[in-house]
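Visitor: Starting from the known structure of chain B, arrange chain C on it as the hints suggest.
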Amino acid sequence: MRRYIAVRLASLIPILFGVSILVFAMQALVPGDIVDIMMGGDQAFGDKNAEARMRRQLNLDRPVPERYVLWLGGMLRGDLGTSFVSGKPVLGEILRRLPVNLELATLAIAMALCLGIPIGTLSAVRRDTWTDAGIRFGSVLGYSVPNFWVATLTVLAGSLLWPGMPILQYVPFTENPVRNLTLVLIPSFVLSLTVLPLIVRMTRASVLENLRLDYVRTARSKGLPERRVVYRHVLANSLIAVLNVTGVQIGVLIGGLVLTEEIFILPGIGRLLLESIQKRDFPVITGATLFLATVFVTMNLVVDLLHAALDPRVRR
Amino acid sequence: MPPSTPVSVAEPAAAVTVPGVEVPATSRPERHLWRQLWRRKTAVLGLFLAAVVLGGAVLAPWLAPEDALAMSPRRFAAPSASAWLGTDQFGRDLLSRLLYGARVSMVVAFAAVGVAMLIGGTIGLCAGYFGGRVDLVLMRGVDVLMAFPTLLLALAVVATFGGSTRNLVLAVSLAYIPIFSRVVRGSALSVKQNDFVEASRALGARDARIMFRAVLPNVLAPIIVQATFNLSTAIMIEAALSFLGLGVQPPAPSWGGMLSEARSFMELDPWLALAPGGAITLAVLGFNLFGDGLRDVLDPRLGGQG
Numbered sequence: 086m087r088r089y090i091a092v093r094l095a096s097l098i099p100i101l102f103g104v105s106i107l108v109f110a111m112q113a114l115v116p117g118d119i120v121d122i123m124m125g126g127d128q129a130f131g132d133k134n135a136e137a138r139m140r141r142q143l144n145l146d147r148p149v150p151e152r153y154v155l156w157l158g159g160m161l162r163g164d165l166g167t168s169f170v171s172g173k174p175v176l177g178e179i180l181r182r183l184p185v186n187l188e189l190a191t192l193a194i195a196m197a198l199c200l201g202i203p204i205g206t207l208s209a210v211r212r213d214t215w216t217d218a219g220i221r222f223g224s225v226l227g228y229s230v231p232n233f234w235v236a237t238l239t240v241l242a243g244s245l246l247w248p249g250m251p252i253l254q255y256v257p258f259t260e261n262p263v264r265n266l267t268l269v270l271i272p273s274f275v276l277s278l279t280v281l282p283l284i285v286r287m288t289r290a291s292v293l294e295n296l297r298l299d300y301v302r303t304a305r306s307k308g309l310p311e312r313r314v315v316y317r318h319v320l321a322n323s324l325i326a327v328l329n330v331t332g333v334q335i336g337v338l339i340g341g342l343v344l345t346e347e348i349f350i351l352p353g354i355g356r357l358l359l360e361s362i363q364k365r366d367f368p369v370i371t372g373a374t375l376f377l378a379t380v381f382v383t384m385n386l387v388v389d390l391l392h393a394a395l396d397p398r399v400r401r
Numbered sequence: 036m037p038p039s040t041p042v043s044v045a046e047p048a049a050a051v052t053v054p055g056v057e058v059p060a061t062s063r064p065e066r067h068l069w070r071q072l073w074r075r076k077t078a079v080l081g082l083f084l085a086a087v088v089l090g091g092a093v094l095a096p097w098l099a100p101e102d103a104l105a106m107s108p109r110r111f112a113a114p115s116a117s118a119w120l121g122t123d124q125f126g127r128d129l130l131s132r133l134l135y136g137a138r139v140s141m142v143v144a145f146a147a148v149g150v151a152m153l154i155g156g157t158i159g160l161c162a163g164y165f166g167g168r169v170d171l172v173l174m175r176g177v178d179v180l181m182a183f184p185t186l187l188l189a190l191a192v193v194a195t196f197g198g199s200t201r202n203l204v205l206a207v208s209l210a211y212i213p214i215f216s217r218v219v220r221g222s223a224l225s226v227k228q229n230d231f232v233e234a235s236r237a238l239g240a241r242d243a244r245i246m247f248r249a250v251l252p253n254v255l256a257p258i259i260v261q262a263t264f265n266l267s268t269a270i271m272i273e274a275a276l277s278f279l280g281l282g283v284q285p286p287a288p289s290w291g292g293m294l295s296e297a298r299s300f301m302e303l304d305p306w307l308a309l310a311p312g313g314a315i316t317l318a319v320l321g322f323n324l325f326g327d328g329l330r331d332v333l334d335p336r337l338g339g340q341g
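From first to last, the protein sequence lines are chains B and C.
Add 85 to the 1-based position in the first sequence for our numbering, that's all there is to it.
Add 35 to the 1-based position in the second sequence for our numbering, that's all there is to it.
Hints listed in this document are in silico derivations from the structure and should not be mistaken for laboratory results.
Careful, some of the hints might be misleading.
Stated by the list, open to error - Here are some, though not all, of the chain B residues that point toward chain C, as calculated from beta-carbon distances under 8 Å:
| hint | residue |
| --- | --- |
| 1 | Leu107 |
| 2 | Leu114 |
| 3 | Pro231 |
| 4 | Leu245 |
| 5 | Trp247 |
| 6 | Phe381 |
| 7 | Val382 |
Glycine included, C-beta positions come from ideal geometry on N, C-alpha and C.
So that you can see chain C by itself, here it is in the shape it has in the complex:
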């Protein structure tokens, strides 16, 4: 499949290849895209919610009124001017804990999706581009990972290696690698058929160059859409694992862990169970709504009626 043209031809050809190759990627100007997105009310709401959670996570040290671990004698305090959301069983400020909990949630979600996108994307790109035996071997491996329900695979990883932020990232990304592989492979297969891929090959570009300069820009849309949805489910999986006591270990605040601790006290103070669950819901909802909007704008074929 790789062209047998001498290397010296490939280099000057590169200058010619680039403009020809980038046309499909830039034919939808970004400004147009944002305007389309802006017109969708639910997508804007989603972006707003996601931005609030992300902002809370980044700015937690400055926004939080108290230290998330600082205990005080004011236990189970009701929401008031000094503690907006009240305090928990150790007198810790609930709002501060929610803000720091957002950090764990966002770090795990973004890191896990990033890692899965890189590894899964590369696997999918190679499988789709090279086809044949490469495709067969890579996708068999992906099939094996797909054989585990997402939460079960993540559960097995943290059960083996123990609960920590790093292991949570490992667990969630492992569960997402097959998803990205499949999405990218499918798109790469169809992009490969285009004339501009054939053209850059005829001009003597090497496989790696064709893959990253010609094919990759054209599979970005489905990758971005998939990543947005996976951010929302990653938040959910992280929360579920921490809820089961297998994620971030207490006293460090995490939304799932807070909800789990609240179970012993919620009859006394229902607010303790309501707040962390509400935070998870808003974060997940934000990324889901934003993802729906992105999908409609970027890739209408994926399911316009959804």
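Chain B with its partners taken away, still in its complex shape:
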């Protein structure tokens, strides 16, 4: 197991290296001159000296490969650059907003698992009944409905049906935990709908697959009640596949977070990214993109390692 962890951790390095090149290339490929973009609204616009000073500050007077090395060096030291707009370090801005994302994502995944696993199991146990057909159609419909539409309609329903609904506000958990949870509950539930249908589908498929295996026949023939066979043996074995699909869905969840934060006006990294795109604040855009990609890759690794810990066959 230790060897497996080491190999997997090492495989992260070339991927993150490639990610950094890609993100840097995007920044370097921005059409137009970044100094012009930055100084567009400034009084100093057109001032050649100020422009030259800024170019030197941003290392723009150096060749691209050297700029990359300098930039990467900064990243490795935890320096994601400085925002053009606020003048603050990008990493600080990101970390300040991280708790919002963590809370939303954790709640959403927890809700999706708590709902998805029982629903998927029910669908499998009642195979080829109306219940099963309804759940299956519901899950196809579920991942065909755009989540940002559901979120928009939730906001609409809230303002029409319940004018005082605690929505479109945010209070940090540390300030008022109860109020924070009531505010975050609805957005988290909407976000959980992005991953729920696939968890239902995967649970159903996996439970059905396991029900066909020999150990189920053994369990039944030694007289175990069906409930115990399903919940104790089949479900436990099916959860590994569910874990895997949850890992794959982390990417969907990160994308969903950007939209959820935008619609429910929550101050997370997704909104930071969108705001900086609007203001063309490139250090924040690249910093946030790099950060989210790193989180995504790391989470996938964690899921893989969990999978290996639970299922010795994976380790080889």
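Guide: Below, chain C alone, put in the same frame as chain B:
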């Protein structure tokens, strides 16, 4: 790996290779396939929905009762005989805007999936067929693209290059290249083991010929299934980017953009938020249901119980 037989042998061999090679591809006649598909009610429903959206997109100039950009003093009109779905905040006909919005959606989805299929498919085919170092280098590149959540990668591309139809295609196709590479590589790896590949190599066919005449026809099924599912998610990504104001720029109609504009007026006129979202849902649902049916028929191994 390439056979060292002289070129002159490869040419006459070609005539012999072709029938031998094409057997696996044509052993499932198309008519049989359609009949199987036709028996699946949800797949037929999916095909119908997809056809309606595609038809609406193609025929928009003839079907649309009004110009999608024409403003009128009749603002926020309720659905009526003259404007079936009512009008928006500028008095523009909602149905016409939905039809023209379907165009953007379909153009971006089909172009992006097409580009990703070509590039990603070629990468996957080369990686799977040649193996070894080629495989290692190509798939490392694919891994890097896979390191970005789909929407984030698309977001980064349009943030860098600006929102336009062309950049939307670029953004979505870049996000899909790794998916096609992986699917095709996996299938190519297993197809490569077959005797008919070995046979055409023994007959002196060159690598390119084996790849495109022997391997490619046999990996088409998973490519088509994957493409159908990706059409549905491409519609969703395009809508999401336009919703965020990073896709097609107003006043040009796009479903995501219409939904986003409606947010300011939806308490006054909920219909404005319901219609574009409903259109996205039906289009995505259509391609998903059709894709499910196609997968069951073309490639039962991919997940029959799903």
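Visitor: Of the numbered hints stated previously, which ones are contradicted by the structure, given in increasing order?
Guide: 5
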